[in-house]
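J.: Sequences listed follow chains R and H, in order. Residue 98 is where the first sequence starts when you use my numbering, and the numbers rise one by one after that. Residue 59 is where the second sequence starts when you use my numbering, and the numbers rise one by one after that.
Calculated from the structure, these hints are not laboratory results. A portion of the hints provided could be inaccurate.
Pair by pair, the computed Cβ-Cβ distance ranges are [stated by the list, open to error]: (1) R:A121 <-> H:F174: 22 to 28 angstroms; (2) R:L125 <-> H:L216: 41 to 47 angstroms; (3) H:W160 <-> R:G113: 22 to 28 angstroms; (4) R:A121 <-> H:E229: 44 to 50 angstroms; (5) R:A103 <-> H:V171: 21 to 27 angstroms; (6) H:V197 <-> R:R134: 26 to 32 angstroms; (7) R:A132 <-> H:L216: 50 to 56 angstroms; (8) H:A75 <-> R:A116: 32 to 38 angstroms; (9) H:A186 <-> R:L117: 22 to 28 angstroms; (10) R:L119 <-> H:A124: 17 to 23 angstroms; (11) H:D123 <-> R:G113: 30 to 36 angstroms; (12) H:L72 <-> R:M98: 30 to 36 angstroms; (13) H:G109 <-> R:A103: 25 to 31 angstroms.
Where a beta carbon is used, it is the ideal one built from N, C-alpha and C, also for glycine.
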Amino acid sequence: MIFVAAAYLAVVVAVGCYALTLRARQGLIRELVDASRPSAADGASMRRGAADPRKVAP
Amino acid sequence: MRLLLIFGVALVLLGAAWALLLAPEEAIQGVPQRIMYVHVPSVVVAYLALGVMGLASALFLRRRDAAWDRLALAAAELAVLFITLTLLTGALWGQPVWGVWWTWDARLTTTLVLWFIYVGYLALRAWAPGERGARAAAVLGIVGLLDVPLIHWSVVWLRTLHPQATVFRPEGPALPASMLAPLVANTVAFLVLAAALLCLRIRQERALAAAVEVLESAG
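Using the sequences and the accompanying hints, generate a full structural model.
T.: Here is the structure:
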């Protein structure tokens, strides 16, 4: 019986670890997607000083 | 996608209940034979994932469309996961029945070779990103498939400790219906779970590629 239990445990651990890896990767990808959104990209270019409205003279 | 994953997990749990509580006990091997209900589905999923990987790799080499490459990568990851499970559950079945965890039997050895080939494939993908790495991995993925018929026919061509096929044979399955039905149910459950994981993985790769493209074009 212990071998059968170990076999099922192996399935749960292996698939579970893969699912957790996907979840962790999803978080990283979400951050990257957020960074690639137009507003974030504009923010990045503004931080580089390209089109910062605060730098335009009154 | 999430629903498919929940459905897959539910099917696997139902399949496990059928295999452990309702399926008859094999007369000679006893309880350890129930490992068959996870060992065989793992092999089936691994082979199908390899088939998808091979087809997607061939289409990627022909059309140079990154979508096929993403499918190949996702399928290869699943194949490695389920080949690992095949080897692990096989060892756990072998110990009580054969008296050894591992033996350099033709089928076991060729399966271990398959595992090394596709772990190598994933290592190549990790170390050589980009179009060139994807092309090299596609070639490796297709060449690696040559090991699959060797695994399948090894028990026929050579004298092995591993038994000959009892399900996938020209004469039809040798199992009684009371064991074949839970085996088919567990195989379907594993396939649904694997399909859900495959869809999730492809979606991630697609989102990643889109984000990288936007970031690169933004400079």
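J.: Each of the hints needs a verdict: does it hold here or not?
T.: Here is how each hint holds up against the structure:
The given range of 22 to 28 angstroms is respected by R:A121 and H:F174, whose C-beta atoms sit roughly 26 angstroms from each other. The hint said 41 to 47 angstroms for the Cβ distance between R:L125 and H:L216, and at roughly 46 angstroms that hint holds. A hinted range of 22 to 28 angstroms for the beta carbons of H:W160 and R:G113 is consistent with their spacing of about 25 angstroms. In this structure the hint that R:A121 and H:E229 lie 44 to 50 angstroms apart at CB holds, the actual value being about 47 angstroms.
In this structure the hint that R:A103 and H:V171 lie 21 to 27 angstroms apart at CB holds, the actual value being about 25 angstroms. Distance hint check: the CB atoms of H:V197 and R:R134 are about 37 angstroms apart, inconsistent with the given range 26 to 32 angstroms. Between R:A132 and H:L216 the Cβ separation comes to about 55 angstroms, which falls inside the hinted range of 50 to 56 angstroms. Evaluation of the 32 to 38 angstroms hint for H:A75 and R:A116 yields a failure: the beta carbon distance comes to about 21 angstroms.
At about 26 angstroms, the beta-carbon gap between H:A186 and R:L117 stays in the expected band of 22 to 28 angstroms. Under the hint 17 to 23 angstroms, the C-beta atoms of R:L119 and H:A124, about 20 angstroms apart, fit the expected range. Between H:D123 and R:G113, the C-beta spacing of about 33 angstroms keeps the proposed range 30 to 36 angstroms intact. Judged by the Cβ atoms, the range 30 to 36 angstroms given for H:L72 and R:M98 is violated: they are separated by roughly 20 angstroms.
Range check, H:G109 to R:A103: about 29 angstroms between beta-carbon atoms, so the 25 to 31 angstroms window is met.
Of the numbered hints stated above, those contradicted by the structure are hints 6, 8, 12, listed in ascending order.
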